[in-house]
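Chemist: Take a look at the letters that make up each chain.
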Amino acid sequence: MTVLLPGLVLLPLIAGGFAALFRQQGRWITLATGLGMLVMLVLLSIDAWGVGQYQGLWTLGGWERPLAIAWYLDDLAHLMLLLVGLVSLAIMAYAWFDTETSDHFWGLWLGGWGAMNALLLSSDLFNIYVTIELLGLVAVALVALSTKAGAAAAAMRYLIISLTGSMFFLLGVALIYGQYGRLDLIGLAEVVEHNWVTHLAWSIMLLGLLAKTAAWPLHGWLPLAHGRAPTAASALLSALVIKASFYLMWRFGVGPFAALSNELIAMLLALLGTMAIFWGSWRAWKTPLLKELIAWSTVAQIGYLLIGLAILFNPQSILTVSEQFNPSLLLFWLIAAHALTKAGLFLVAGNLILLTHSYQLKDQLAVLCNSPLTLWTLGLGSVALAGLPLTLGFIGKWWLIESSVALGQFWLLAPLILGGVFTLAYMGRLLQPAFEQRLLCQYAPKQSDGRPAECISERQLAWPLLAVPFILVLSVWVLALFPLYPWGATL
Amino acid sequence: MFLIDIVALLMVVIGLVFFVAGTLGLLRFTDDLTRLHALTKADNLGLGFVLLGMTLLFFNLLVMLKLLLIWVLVIISAATVSHVIGQRAYKQLLHRSESQDDHR
Amino acid sequence: MNEIAIYLITGSVLFCLGLWGVVMREHLLHKILGVNIMGSAAFMLFLAFAARAEPADAVPHALVLTGIVVAISAMALALALMKRVAKESEQHQATLEDSQ
Amino acid sequence: MIIVDLLLALTIVLVAARCLYTSNLAESVVMFIVFGLLLSLVWVRLYAPDTALAEVAIGAGLAGALLLATLSQLHLTHAAKATAMARISLIIPVLLGGALGVSLLSLVQPAPGLSDLVMNNITQSGVEHPVTAVLLNYRAWDTALELAILMWAWAAQRALGPNLAWHGVRLQGLVLVYFSRLMVPLLALVAGYVLWQGAYAPGGAFQAGALLATAFILAFIVQQAQLGQANPAVIRRFIHHWAVKLLWLGGLLAFFVVGLAGLLLGYGFMGYAPAYAGALILAIEIAATFSIALILAALFTGEGRRYE
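Protein sequences appear in the order of chains P, W, H and G.
The numbering of the first sequence is the working numbering, which starts it at 25 and goes up by one.
The numbering of the second sequence is the working numbering, which starts it at 1154 and goes up by one.
The numbering of the third sequence is the working numbering, which starts it at 50 and goes up by one.
The numbering of the fourth sequence is the working numbering, which starts it at 879 and goes up by one.
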């Protein structure tokens, strides 16, 4: 193992430590780190395209597997590493130009990035617990960075839920160790059998992870935390942090605990997902606050991911992996589409708040009439979020629909299709008056400098603040044009 | 050997009796200063007896020295802590009697 | 019935008690202590499993040592956050009642 | 001995219940400290002296100090009384937990675990004490990440903004000063001893770090109590001096440097050359001890900015 994989974890952790301790230099440390990480991610992907020498199992410390901690890099982990890296870089670029970014942000998120990478690579139950705790602490601190009223309470609620979820996970790990005497996922996959303790442990871990992902009945903390966090933090949390616990459910469910999957648990997850789509969309439709609207939409979008999980966990599903094609990885594109779109939308919301100094949806419409790029970003983002054809989300959603039909679960078509309609509906709350207003503005009385009255223009902002969200949202469309599988085989 | 065991056991039991007495005082006495008195005096003596019993059981110079060190450290910290608590309790007492004077 | 059975049951009861504190008590300090008690309960299960082997299995011991430091870190953050919540709330009350 | 276990188990459950149930926060905190002390007894009964040491120092001692300090900074120290429903519902966790525990009894007898693997490889690991071998050799990556957690818990705490003011009482007399002059060097000495002993007996970086942190905190509290809070606390400024801050990262850096060196020399990431393993582990442990001690102390003292 050359230095690439450890570097992806160590570099952000070391740099983040320095950035946290010496906050005045945090920005510049982050810039250097970001460039370094970009280079490493590119090198890793080039390798995956050609040789693939990094793929597979790595045991740390030169010991054999049950004793040592193992890392495991496969296509899914690799794609997640890329997604986390690119979205982080984009959001950090935004935060660089955002005048309200706290100097605590850099050190905190570098730590979160390192924790995320360590989590994605890890193949050891207890090591995963340590990484999710690190990520959880960072995430809570990111929410608490905001000085807005209620941010501390939202962060506190998030911390309590997150810690309780971790404790459930830890209890599950303890039970697994008691039953099998080992913690490595690969080894567990070989020995796991049907018995009460194993089922109990897996359910407890699943429960903890569902709470950390903000699945439907356990979602209460998310709109508060994501709605009140600073802009860049909201984007990171919604795009990446909740995906970490989702990734773990996916990993465990098809890895060590695949033998335990049954139709009951799949049905339960599908129900939770359905409820999440309906309830999240409804609340997004009702809320008067822009950021809370986007946060509630995250709750709804998690519903899609849960339905995807239900399909993965259903033993009837046909998930044969051929040379060219691993169908379950289509779910990854749903994650990627959501991460990219949601990051973009939260950044746009941040722009609108910067311009109007208001969190209310109705105040922000005034900006849109004279802000073509913001309007385009919102429009493209809404369509991408709804998962209409030609976007990346459609690839994932189509797979969900196809699989539901193949499984005979026709009722799932209702949430899957209606969810997209709902998305357009609640995003339309922002878009439809904006288009109307834009028309009105063109005929409105002009000021002396030629700009329409009572319009705040996006041109008051630095251009990167507009470009970053646009690029994020556009990438959801562009990626859908490219071949599905970046490096050929088995993906 | 057997005799030593019995003596050691006796010491530990005596120590425990002192502990029980100290705890009773802590629970039953009415104000902070007397509680402190019950606790520190009885417990230090109790700990001394228990440790004495232990030394007899092990009868090893190194262990003896360690146990002695424990006893000395506990006594020092107990004295300091009760000094601090006592000051606090005394101030509260003064404060209370002052406010009673005000009422009259 | 040996000590391992006793501590397995105690650990389970403690975990549920901690969860009760997190869910049912309003004050944040109780919630924080509840989470810590849940963690200690998980440690108790780990160590009870370790004590089955002769000599005791060292791996869970190391895991619990790591876990204790993680728990104190989380507790330090939680207490600091609780103080800020109490300061920002109108009655200086450290509960989550006014956050909805 | 089974009676001792039963009594201990019963007491610990009652103490935990009381800790969560009472509406007096001070009582809650004291009960939690008692809970930590009882836990360390349980750990001793479960043949885990290392964790017992750490539990006393961290779980009861440091956590207790943090909790008491928090209590002195809060305005209100009474929570709402538990409602009647909450009181009745207390039966649920006891029954549910009991049922859960009984259902786990199938795990009592066979003893799968990594004990044999740990002992078979111990000669290669550089230390004689199996727990230290697991912590700093077999599963060193966990330990490194855990130092990162400490680091980021501090960063997160700092990100929350200024701390609340203390409601300290100014003490008369110099008893505390003399006490700290005796105790701080002794604590440092014991920390060094515990660290050194970790190679072959219970002890190591965690326990030593916690002891050293206690020394810092003791010195800080004594200074606070004797001088009153208007004076700048020297200890806090020492801990937050930029050169000392480098030591905070020392543990993490030592792990990473040694880990990468192992990678480049062909022993795998986080691997050691067996011949030098003992020395490398000791070096890492020394760095980690300072990191743990300084960060834990900094978590207690705060950076110094206070709300007015």
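Keep in mind the hints are simulated off the structure, nothing from the lab.
You may find that some hints are simply not true.
Claimed, not checked - In silico DSSO-like cross-links for lysine-lysine, where the CA-CA straight-line distance does not exceed 30 Å: (1) K1219(W) / K1194(W); (2) K172(P) / K136(H); (3) K310(P) / K172(P); (4) K310(P) / K386(P); (5) K1123(G) / K136(H); (6) K136(H) / K1194(W); (7) K172(P) / K386(P); (8) K959(G) / K136(H); (9) K1194(W) / K1244(W).
To be verified - Simulated DEER-style distance windows between Cβ atoms: (10) V1227(W) / S981(G): 54 to 62 Å; (11) A173(P) / G1156(G): 49 to 57 Å; (12) F1212(W) / Q1002(G): 36 to 44 Å; (13) G976(G) / V1173(W): 24 to 32 Å; (14) G1070(G) / I1229(W): 17 to 25 Å; (15) G279(P) / G1156(G): 32 to 40 Å; (16) V72(H) / R89(P): 32 to 40 Å; (17) V1166(W) / L1064(G): 26 to 34 Å; (18) A958(G) / A173(P): 16 to 24 Å.
All values derive from a computational prediction rather than experimental measurement.
Quick reminder that beta carbons are idealized off the backbone N, C-alpha and C, glycines included.
Chemist: Which of the listed hints are broken here?
Modeler: 6, 10
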